[in-house]
Amino acid sequence: MDLAYSAEEEEFRARLRVWLAAVLPTLPPRPDPLDWPARRAYDCGWQRRLHDAGYADVHWDASPTQRLIFLEETELAGAPYVGANFVGLLHAGPTIAAEGTAAQRDRWLPPVLRGDEVWCQGFSEPDAGSDLASLRTRAVRDGDEYVVSGQKIWTSHAEVADWCELLVRTDPAAPKHRGISWLAMPMDAPGVTVRPLRTLAGSTEFAEMFLDEVRIPVGNRVGDENDGWRVTMVTLSFERGTAFVGEVVACRRLLGELARTARENGTWDDPVLRRRLGRLSAEFQALWRLTQANVSEAQATGGVPGAGGSVFKLHYSHARQELYEAAATVLGPDALDLGHDWTLDRLSSLSYTIAAGTSQIQRNIVAERILGLPKGR
Amino acid sequence: MDFRLTEDQRALRKGVRELLARLFDREALRAAVDAPSLDRELWRELGAAGFFALRLPEEEGGVGLGLPEAVLLFEEAGRVLLPGPLVATHVAAGALRGAAEGEVVVTSASEGLVPWLDEADVVLGSTEGAVPVRSVDPLTPLHRVPGLVGAVGAGSPGPAGEVRPATGGPVTGDDLVAALLSAAEQVGSAGRTTDMAVAHAREREQFGQVIGGFQAVKHLCAGMLVRAELARAAVRAAAVTGDPVEIAGAKLLADEAATANARDCLQVHGGMGFTWEADVHLHLKRAWVRSEMWLPAARAEEVVAAHL
Numbered sequence: 000m001d002l003a004y005s006a007e008e009e010e011f012r013a014r015l016r017v018w019l020a021a022v023l024p025t026l027p028p029r030p031d032p033l034d035w036p037a038r039r040a041y042d043c044g045w046q047r048r049l050h051d052a053g054y055a056d057v058h059w060d061a062s063p064t065q066r067l068i069f070l071e072e073t074e075l076a077g078a079p080y081v082g083a084n085f086v087g088l089l090h091a092g093p094t095i096a097a098e099g100t101a102a103q104r105d106r107w108l109p110p111v112l113r114g115d116e117v118w119c120q121g122f123s124e125p126d127a128g129s130d131l132a133s134l135r136t137r138a139v140r141d142g143d144e145y146v147v148s149g150q151k152i153w154t155s156h157a158e159v160a161d162w163c164e165l166l167v168r169t170d171p172a173a174p175k176h177r178g179i180s181w182l183a184m185p186m187d188a189p190g191v192t193v194r195p196l197r198t199l200a201g202s203t204e205f206a207e208m209f210l211d212e213v214r215i216p217v218g219n220r221v222g223d224e225n226d227g228w229r230v231t232m233v234t235l236s237f238e239r240g241t242a243f244v245g246e247v248v249a250c251r252r253l254l255g256e257l258a259r260t261a262r263e264n265g266t267w268d269d270p271v272l273r274r275r276l277g278r279l280s281a282e283f284q285a286l287w288r289l290t291q292a293n294v295s296e297a298q299a300t301g302g303v304p305g306a307g308g309s310v311f312k313l314h315y316s317h318a319r320q321e322l323y324e325a326a327a328t329v330l331g332p333d334a335l336d337l338g339h340d341w342t343l344d345r346l347s348s349l350s351y352t353i354a355a356g357t358s359q360i361q362r363n364i365v366a367e368r369i370l371g372l373p374k375g376r
Numbered sequence: 000m001d002f003r004l005t006e007d008q009r010a011l012r013k014g015v016r017e018l019l020a021r022l023f024d025r026e027a028l029r030a031a032v033d034a035p036s037l038d039r040e041l042w043r044e045l046g047a048a049g050f051f052a053l054r055l056p057e058e059e060g061g062v063g064l065g066l067p068e069a070v071l072l073f074e075e076a077g078r079v080l081l082p083g084p085l086v087a088t089h090v091a092a093g094a095l096r097g098a099a100e101g102e103v104v105v106t107s108a109s110e111g112l113v114p115w116l117d118e119a120d121v122v123l124g125s126t127e128g129a130v131p132v133r134s135v136d137p138l139t140p141l142h143r144v145p146g147l148v149g150a151v152g153a154g155s156p157g158p159a160g161e162v163r164p165a166t167g168g169p170v171t172g173d174d175l176v177a178a179l180l181s182a183a184e185q186v187g188s189a190g191r192t193t194d195m196a197v198a199h200a201r202e203r204e205q206f207g208q209v210i211g212g213f214q215a216v217k218h219l220c221a222g223m224l225v226r227a228e229l230a231r232a233a234v235r236a237a238a239v240t241g242d243p244v245e246i247a248g249a250k251l252l253a254d255e256a257a258t259a260n261a262r263d264c265l266q267v268h269g270g271m272g273f274t275w276e277a278d279v280h281l282h283l284k285r286a287w288v289r290s291e292m293w294l295p296a297a298r299a300e301e302v303v304a305a306h307l
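Read top to bottom, the protein sequences are chains A and H.
Number 309 in numbering that gives the first Met the number 0 belongs to position 310 of the first sequence; there are no gaps in the numbering.
Number 257 in numbering that gives the first Met the number 0 belongs to position 258 of the second sequence; there are no gaps in the numbering.
Source of the hints: derived by calculation from the structure; they are not laboratory data.
Please read these numbers as outputs of a predicted model, since none were measured by experiment.
Glycine included, C-beta positions come from ideal geometry on N, C-alpha and C.
Accuracy of the hints is not assured; some may be wrong.
[Said to hold, decoys possible] Here are the computed lysine to aspartate or glutamate pairs in the EDC-like style, where the Cα-Cα straight-line distance is at most 20 Å:
id : chain 1 : residue 1 : chain 2 : residue 2
1  : A       : 374       : H       : 24
2  : H       : 284       : H       : 24
3  : H       : 13        : H       : 194
4  : H       : 13        : H       : 24
5  : A       : 374       : H       : 202
6  : H       : 284       : H       : 58
7  : A       : 175       : A       : 224
8  : A       : 374       : H       : 204
9  : A       : 175       : A       : 226
[Unchecked claim] For the chain A half of the interface with chain H, some residues (derived, Cβ under 10 Å), not all of them:
id : residue
10 : 50
11 : 254
12 : 276
13 : 362
[Claimed, not checked] Estimated spans, in silico, between C-beta atoms of each pair:
id : chain 1 : residue 1 : chain 2 : residue 2 : range
14 : A       : 271       : H       : 134       : 49 to 55 Å
15 : H       : 208       : A       : 335       : 20 to 26 Å
16 : A       : 53        : H       : 47        : 55 to 61 Å
17 : H       : 207       : A       : 113       : 46 to 52 Å
18 : H       : 207       : A       : 265       : 56 to 62 Å
19 : H       : 198       : A       : 214       : 54 to 60 Å
20 : H       : 205       : A       : 321       : 32 to 38 Å
21 : H       : 241       : A       : 113       : 44 to 50 Å
22 : H       : 240       : A       : 332       : 56 to 62 Å
23 : H       : 241       : A       : 264       : 32 to 38 Å
24 : A       : 270       : H       : 287       : 19 to 25 Å
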């Protein structure tokens, strides 16, 4: 039970702080959230700076503890988030690194690390959400190519992506988990149509994607044919690991801002609200400690975080939604003003118990994989 | 940073679990419920095993370990519902002769409540005019000290968020340690009720299958694990840092985990959960008692809020 960082880890933190202090003032102004090409350019510019400073592969090669420190310090310093590079750095990239051939790693990984190429994710379908393995987008072999037709949904950054990590069905006769393959699809291939979807927050954070006889070289398949489900699970376990470190730091900062605002506008005098903020603060502090526990476990067992990530995500997603409800109480009628950041954040937070595995699916994972309860509905 | 238990800490936990299985198994628990009294022999055995002297320096006859090890001990005590004023005696060891060895039983007043007053040898804090209560927990005899009961206002944090007890004056290190060790007992209980619920859900059959296969039941169990793990991380971290605000937050989450998990455990057990024979109610009632003592929720929330 040691919460102190080693001298080496503290040195990593100190160097990172010095670099962040020097580089952040040189960044251009943040782009309009609705201007996707500008967002891509901004996010890739940040990734390029990370690359040139030697931090590009912190998500892959650094130890879990260094990754924790990196995410904590960048958030504390107000550095940009991965943004458009989320899939490349946290999904497709790690998958290719783990499962790809040497040629595939050489082709796809360096551009991701340099911020030259952006990836999106083509997993979910209109009829394959929580039950992802029932996906139906069909890939038919034709010589050295797959001919792919189907529909994908919830594809973030599709409009500005160069590549898509695509799950397709290559054997419709096999049991559903065993007929899936993982393909890298160039987004400029003929037959790819992207249509933005508007979220309840009014923005176009993601898109639906229509595939009409898109031809993808067989060499773009990562892993064996029909082994895509296993390949994908490698990716998903990355998402449930240290992915929320920055968010927990951000939530703790928001709590401080909430308390300041509440003291200014008088709502702090309400003991019910005050105590609610106190409880939320205790919860986010505990979530931070739980993150450190999960990271320690990952560090010791050599990388991929296990079901502990689900325990974390279940409470985190709920607590973050409660945080914005408390923010709305602090704001009062101002909570109806879209001009206030917290109003948009409150709307965005409604996705947290759905995205990356709904809370109901997470409870199944915890019950079955940790508690050993039988599968079933 | 490595937040996992060290090898020594894992060995300590295993040793304590084995010791308590020997000294206070389920049979002993039910016998104690039927005839509640403080078992002096058990108390001396705990003393001999170093339960109270754990944090005393070795040159004073102690074990020389710290708060992180102490919370592991109290998690185990909470798991088996070990009775008696364990926290007060542990905290007093070193200051009061005989406490460390388990020869002297120490209790103390907290939030106007005094457990085991009639059986204790030494009572810390004012108990003037204390009146007995028909305690909800069959294994925790309680007295109330008039005037302090329900004095929430007196317990609110001072201007700088300084932690003050209901009696006024700053909370001493001892009171914070007591809150932390109570929280550790709550975590142990929360983990135990999770195990009990899961074991029952894997065994009990209805509609031709074990009820643990139904999502309505398994989601309750998953929620219990989340509460217990979150509180455990909070309690262990607070033991490492010793930070008063972190201790207050840990007590808050541990109280919540113990009471809510006991209730969900009761629900998973169905009608059996409502019986005297099942152990579930003992966990719930003890969790209620611990929640009212050493930084109850209202004050813990104010303490954490004051530091925002």
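Hint-by-hint comparison with the structure:
Between residue 374 of chain A and residue 24 of chain H the alpha-carbon distance is near 33 Å, which puts this suggested pair outside the 20 Å criterion. Among the hinted pairs, residue 284 of chain H with residue 24 of chain H is consistent with the structure: their alpha-carbon atoms are about 19 Å apart, no more than 20 Å. This hinted pair checks out: residue 13 of chain H and residue 194 of chain H have alpha carbons roughly 17 Å apart, not beyond 20 Å. Simply put, residue 13 of chain H and residue 24 of chain H have alpha-carbon atoms about 15 Å apart, close enough for the 20 Å limit, and the pair holds.
Distance check on the hinted pair: residue 374 of chain A and residue 202 of chain H sit about 14 Å apart at the alpha-carbon level, within 20 Å; holds. Between residue 284 of chain H and residue 58 of chain H the CA atoms are separated by roughly 39 Å; this puts the pair beyond 20 Å, and the hint is violated. A C-alpha spacing of about 14 Å is found between residue 175 of chain A and residue 224 of chain A, which places the hinted pair at or below 20 Å, so the restraint holds. Of the pairs offered as hints, the one joining residue 374 of chain A and residue 204 of chain H holds, with about 15 Å between alpha carbons and a cut-off of 20 Å not exceeded.
A hinted pair counts as satisfied when its Cα atoms are at most 20 Å apart, and residue 175 of chain A with residue 226 of chain A qualifies at roughly 11 Å. Interface hint at residue 50 of chain A: violated, since its Cβ lies 27 Å from the closest Cβ of chain H, which is beyond the 10 Å cut-off. Below 10 Å, beta-carbon pairs count as interface contacts, and residue 254 of chain A has one with chain H at about 6 Å; its hint therefore holds. Because the beta carbon of residue 276 of chain A sits about 5 Å from the nearest beta carbon in chain H, less than 10 Å, this interface hint is met.
The closest approach between the C-beta of residue 362 of chain A and any C-beta of chain H is roughly 4 Å, which is under the 10 Å cut-off, so the hint is satisfied. At roughly 30 Å, the beta carbons of residue 271 of chain A and residue 134 of chain H sit outside the given window of 49 to 55 Å. Range check, residue 208 of chain H to residue 335 of chain A: about 48 Å between beta-carbon atoms, so the 20 to 26 Å window is missed. At roughly 57 Å, the beta carbons of residue 53 of chain A and residue 47 of chain H sit within the given window of 55 to 61 Å.
In this structure the hint that residue 207 of chain H and residue 113 of chain A lie 46 to 52 Å apart at CB is violated, the actual value being about 58 Å. Checked against the hint of 56 to 62 Å, the C-beta distance between residue 207 of chain H and residue 265 of chain A comes to roughly 59 Å, which is consistent with it. In this structure the supplied range 54 to 60 Å holds for residue 198 of chain H paired with residue 214 of chain A, their Cβ-Cβ distance being about 55 Å. Separation of residue 205 of chain H from residue 321 of chain A is about 34 Å and conforms to the stated range, judged on CB atoms against 32 to 38 Å.
For residue 241 of chain H and residue 113 of chain A, the Cβ-Cβ distance of about 46 Å falls inside the hinted range of 44 to 50 Å, so the restraint holds. Checked against the hint of 56 to 62 Å, the pair residue 240 of chain H and residue 332 of chain A fails, with Cβ atoms roughly 40 Å apart. For residue 241 of chain H paired with residue 264 of chain A, a C-beta distance near 35 Å keeps the hint of 32 to 38 Å intact. The hint said 19 to 25 Å for the Cβ distance between residue 270 of chain A and residue 287 of chain H, and at roughly 22 Å that hint holds.
The structure is inconsistent with the numbered hints 1, 6, 10, 14, 15, 17 and 22, although it conforms to all the rest.
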